[in-house]
Amino acid sequence: MATVGEVEDQIMEVEGLRVVILNQDGRNARSDMQGLQEWPFQKASKGSWTIAEWEEKFEEVYPSLSVAVVDQTGTPYYRNTLIGNVRLDLNP
45 MATVGEVEDQ IMEVEGLRVV ILNQDGRNAR SDMQGLQEWP FQKASKGSWT IAEWEEKFEE
105 VYPSLSVAVV DQTGTPYYRN TLIGNVRLDL NP
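Just so you know, the sequence shown maps onto residues 45 to 136 in the working numbering.
Hints are computed from structural coordinates only; laboratory data are not their basis.
Mixed in with the good hints there might be a few duds.
To be verified - Taking CB as the label site, the calculated pair distances span:
id : residue 1 : residue 2 : range
1  : Asp-69    : Leu-132   : 14 to 22 Å
2  : Tyr-122   : Asn-72    : 25 to 33 Å
3  : Leu-132   : Gly-79    : 29 to 37 Å
4  : Pro-107   : Pro-136   : 30 to 38 Å
5  : Asp-133   : Ser-75    : 31 to 39 Å
6  : Met-45    : Leu-132   : 28 to 36 Å
7  : Ser-108   : Leu-132   : 29 to 37 Å
8  : Asp-69    : Lys-90    : 26 to 34 Å
Think of the CB as a built atom: it goes at the ideal place given N, C-alpha and C, for glycine as much as any other residue.
Can you build the whole structure from these sequences, using the hints too?
What follows is the structure, encoded as structure tokens:
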């Protein structure tokens with residue numbers, strides 16, 4: 045089992061996305077919250093996916109949580125932004 049912070053790090057490593065995991069009410073989940081399964085994917089999602097499509101993938105794994113894909117300043121990207129563009133922005 046993993047903490048919220050560990051899952052956020054795993055997503056960055058595999059997907060190349062900076063994320064903030066949220067409770068159902070939209071507040072940040074505590075990074076030391078435990079009991080989450082490890083991020084189960086070894087390959088990154090296609091760059092042609094939108095953030096909205098990727099969020100659905102996340103919510104299939106963690107149905108009691110939601111997620112925001114954010115830039116370096118913590119500002120969420122628009123949900124129709126392509127994952128490939130986010131990766132270019134975060135990893136120039």
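Hints versus structure:
1. Asp-69 / Leu-132: 14 to 22 Å: violated, 32 Å
2. Tyr-122 / Asn-72: 25 to 33 Å: violated, 20 Å
3. Leu-132 / Gly-79: 29 to 37 Å: holds, 34 Å
4. Pro-107 / Pro-136: 30 to 38 Å: holds, 34 Å
5. Asp-133 / Ser-75: 31 to 39 Å: violated, 23 Å
6. Met-45 / Leu-132: 28 to 36 Å: Holds, at about 33 Å.
7. Ser-108 / Leu-132: 29 to 37 Å: Between Ser-108 and Leu-132, where Cβ atoms are some 32 Å apart, the hint holds.
8. Asp-69 / Lys-90: 26 to 34 Å: holds, 31 Å
Taken one by one, the earlier hints fail for this structure at numbers 1, 2, 5, listed in ascending order.
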